[in-house]
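I would like the entire structure built from these sequences, with the hints used as guidance.
Chains R and D are the protein sequences, given in the same order.
To convert, note that position 65 of the first sequence is 65 in the working numbering; the numbers rise steadily by one, no gaps.
To convert, note that position 40 of the second sequence is 288 in the working numbering; the numbers rise steadily by one, no gaps.
Some clues are possibly wrong.
Anything over 10 angstroms on all C-beta distances counts as not near chain R; from chain D, calculated [what the hints assert, rightly or not]:
(1) 259
(2) 260
(3) 262
(4) 263
(5) 295
(6) 424
(7) 520
List time: in silico BS3-like cross-link candidates among lysine-lysine, alpha-carbon distance up to 30 angstroms [unchecked claim]:
(8) 487/D - 16/R
(9) 177/R - 519/D
(10) 551/D - 217/R
(11) 16/R - 578/D
(12) 487/D - 225/R
(13) 217/R - 513/D
(14) 578/D - 50/R
(15) 527/D - 217/R
(16) 595/D - 16/R
(17) 551/D - 194/R
(18) 194/R - 534/D
(19) 513/D - 221/R
(20) 221/R - 561/D
(21) 523/D - 221/R
(22) 429/D - 194/R
(23) 16/R - 561/D
(24) 2/R - 98/R
(25) 221/R - 551/D
(26) 16/R - 534/D
(27) 513/D - 216/R
(28) 551/D - 24/R
Quick caveat, the hints were computed from the structure, so don't treat them as lab data.
For every residue, glycine included, the Cβ atom is placed at its ideal position computed from N, Cα and C.
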Amino acid sequence: MKIVVCVSHVPDTATKIVVGSDNKTIDANGVTYVLNPYDEIAVEEALKTKEAQGGDVVVVSVGPDNNKESIRKALAMGADSGVLLKDDNYRDSVGVAKALAEEIKAQDAQIVFFGKQSVDYDNSIVGQLTAEMLGYNCVSVAVDLKLDGEKITAEREIEGGREVIETSLPAVITCQKGLNEPRYAALKGIMAAKRKTIEEKDAAVSENSVEILEMKKPAPKEPGKIVGTDSSAVPELVRLLKEEAKVI
Amino acid sequence: MDFNLSEVQNLIRQTVRDFAENEIRPIAAKLDEEEKFSVELTKRMGDLGLFGMHVSEEYGGGGMDILSYVIAVEELARIDGSQAATLAAHNSLGIGPLYYYGTEEQKHKYLPRLCTGEYLWSFGLTEPNAGSDSRGSKTTAVKDGNDWVINGSKIFITNGSADISLGCTVQAVSADNGGDKKFTTIIVENDTPGFTAKTMHGKLMWRGSNTSELYFDNCRVPGENLLGEIGEGSHIMLKTLDNGRLSIGAMGLGCAQGAYELALKYSKERKQFGKPISKFQAIAFKLADMATKIELARNLLYKACWLCQTGQKFSKEAAMAKLYCSEIAKEVADEAVQIHGGYGLMKEFEVERFYRDQRLLQIGEGTSEIQKIVISRHIGC
Chain R
1 MKIVVCVSHV
11 PDTATKIVVG
21 SDNKTIDANG
31 VTYVLNPYDE
41 IAVEEALKTK
51 EAQGGDVVVV
61 SVGPDNNKES
71 IRKALAMGAD
81 SGVLLKDDNY
91 RDSVGVAKAL
101 AEEIKAQDAQ
111 IVFFGKQSVD
121 YDNSIVGQLT
131 AEMLGYNCVS
141 VAVDLKLDGE
151 KITAEREIEG
161 GREVIETSLP
171 AVITCQKGLN
181 EPRYAALKGI
191 MAAKRKTIEE
201 KDAAVSENSV
211 EILEMKKPAP
221 KEPGKIVGTD
231 SSAVPELVRL
241 LKEEAKVI
Chain D
249 MDFNLSEVQN
259 LIRQTVRDFA
269 ENEIRPIAAK
279 LDEEEKFSVE
289 LTKRMGDLGL
299 FGMHVSEEYG
309 GGGMDILSYV
319 IAVEELARID
329 GSQAATLAAH
339 NSLGIGPLYY
349 YGTEEQKHKY
359 LPRLCTGEYL
369 WSFGLTEPNA
379 GSDSRGSKTT
389 AVKDGNDWVI
399 NGSKIFITNG
409 SADISLGCTV
419 QAVSADNGGD
429 KKFTTIIVEN
439 DTPGFTAKTM
449 HGKLMWRGSN
459 TSELYFDNCR
469 VPGENLLGEI
479 GEGSHIMLKT
489 LDNGRLSIGA
499 MGLGCAQGAY
509 ELALKYSKER
519 KQFGKPISKF
529 QAIAFKLADM
539 ATKIELARNL
549 LYKACWLCQT
559 GQKFSKEAAM
569 AKLYCSEIAK
579 EVADEAVQIH
589 GGYGLMKEFE
599 VERFYRDQRL
609 LQIGEGTSEI
619 QKIVISRHIG
629 C
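Written out as structure tokens, the structure is:
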């Protein structure tokens, strides 16, 4: 079975983000980029699928040359080969999905894994868009997955509970925390990854349908208010929650 | 000049950092408190591929360069000195001499098991009355027929008496012609009759690592346990320590980095006089100094690694790196506690452990004073 896992290369969540001088991008200076944490879960699920069913895991990423670092990490975890769809410019979710869909079609993948979102732009839609473009079934935000031949039984998180979905291959799965515990890229895997190939080609480019007008930091949080430290403060707290915060 | 690390080195840093933060940080304080060496955690470090990183794949190693290994030690030390000590001692002092001076037979016999983390190996040099004066050591090895018979004792030996300690490389006096001593290194497996390894307790620091006293009482091993040539012991010891200094340097660097990060984080959270203390110049300047020292230490250590792996002389720079990284670990950990104020004195705060753990670094594997002797000889004093 051909298994594709799509990954993005994102600022480390521990990094302090500074908006760039153009007010439209982040200042990449001093920012460490890593494999998107949700994509690690996707890579793990792809590897588990391969271990259970056999097949080849191909890692695909759209973006500049640096994305190869995250592809290499996925290879170090155990994926078989990589494809970098080169694109040096900002590409919106639709553009990324188009480029990925074209590659996945060429790969003739039966199952495609994504992280449920990338932690840079947080749009949470590239997986679903790609599925739609390919005409594949799609389970988003999966927290459990079972494959039985062509049949897929998956659980996804919904407000206040879980939804069980049955569908079939070919399919796109976007992965949520809890689906698995991603393995470490063992050091031998890192050395072995050096010998695996990353194919580079230009991404299928399309016009962006979204334009970023401005990027700014959210306003700093208002300081909290302490209304008292014992039970005598409860009536005032209730009044404030009701009348000011309007949450009860 | 290119200061960029390779893709592989960056990935190794990322992997070891994730492992240290997720698997070691949650239990480091407990292992320290209980003074407990964890066989399980050691095995997991082995599974990750940390042992024998610089050993060629033929013997079960990782086939990586010295800098990759130093980065791994640095990243462990950033979280916990004890686990970094287990790694540094096993790789540099345990595996190192066997790998560089062992016969093919010896290498195939021991290295594959040592590279998995299944077993540990130690290096017996220091004695109760021979620390900085290593030539004053008294443990003897006498040839009897084809065997070597060893008598004496060793102290402060890392990884010598854990449940998974397989053996040690012992430096012993094999000839003494009126004070002109010849040293020879010999392989002793832990289960050899006449050999006893005893765990030392009551340590100030590295409490999650294994430290031992080794006793040799007519301990008899076969002639083929000779490591290197007869009389080559001093040379083997000096070369082993040159390499070891790089990993102790990495421990100092990682310790400083970890303490600095804790202090920086705390200084942004702690408010006094209505604002985070990081906004006061008195604290900000301390942090600026700490960051600068760490940057200097890293550049010096990595340069020494580069000299080593490009086959150039690195003995002077290794001593400088060991000296400087250890000394700034002390300074940075001290200021990190100062920034934490009263909380820095409590075990509940991680920085307290860093303050204790750094203290070995100016003493172990050649004191700071001995490093200065090495450096001063190199510069022609």
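Now for the hints, and whether the structure bears them out:
{"no.": "1", "hint": "259", "verdict": "violated (5 angstroms)"}
{"no.": "2", "hint": "260", "verdict": "violated (6 angstroms)"}
{"no.": "3", "hint": "262", "verdict": "violated (7 angstroms)"}
{"no.": "4", "hint": "263", "verdict": "violated (5 angstroms)"}
{"no.": "5", "hint": "295", "verdict": "violated (7 angstroms)"}
{"no.": "6", "hint": "424", "verdict": "holds (44 angstroms)"}
{"no.": "7", "hint": "520", "verdict": "holds (16 angstroms)"}
{"no.": "8", "hint": "487/D - 16/R", "verdict": "violated (43 angstroms)"}
{"no.": "9", "hint": "177/R - 519/D", "verdict": "violated (34 angstroms)"}
{"no.": "10", "hint": "551/D - 217/R", "verdict": "violated (39 angstroms)"}
{"no.": "11", "hint": "16/R - 578/D", "verdict": "holds (28 angstroms)"}
{"no.": "12", "hint": "487/D - 225/R", "verdict": "violated (64 angstroms)"}
{"no.": "13", "hint": "217/R - 513/D", "verdict": "holds (21 angstroms)"}
{"no.": "14", "hint": "578/D - 50/R", "verdict": "violated (49 angstroms)"}
{"no.": "15", "hint": "527/D - 217/R", "verdict": "holds (21 angstroms)"}
{"no.": "16", "hint": "595/D - 16/R", "verdict": "holds (29 angstroms)"}
{"no.": "17", "hint": "551/D - 194/R", "verdict": "holds (24 angstroms)"}
{"no.": "18", "hint": "194/R - 534/D", "verdict": "violated (41 angstroms)"}
{"no.": "19", "hint": "513/D - 221/R", "verdict": "holds (19 angstroms)"}
{"no.": "20", "hint": "221/R - 561/D", "verdict": "violated (56 angstroms)"}
{"no.": "21", "hint": "523/D - 221/R", "verdict": "holds (15 angstroms)"}
{"no.": "22", "hint": "429/D - 194/R", "verdict": "violated (48 angstroms)"}
{"no.": "23", "hint": "16/R - 561/D", "verdict": "violated (40 angstroms)"}
{"no.": "24", "hint": "2/R - 98/R", "verdict": "holds (19 angstroms)"}
{"no.": "25", "hint": "221/R - 551/D", "verdict": "violated (45 angstroms)"}
{"no.": "26", "hint": "16/R - 534/D", "verdict": "holds (21 angstroms)"}
{"no.": "27", "hint": "513/D - 216/R", "verdict": "holds (24 angstroms)"}
{"no.": "28", "hint": "551/D - 24/R", "verdict": "violated (39 angstroms)"}
Comparing the model with each numbered hint stated earlier shows that hints 1, 2, 3, 4, 5, 8, 9, 10, 12, 14, 18, 20, 22, 23, 25, 28 do not hold.
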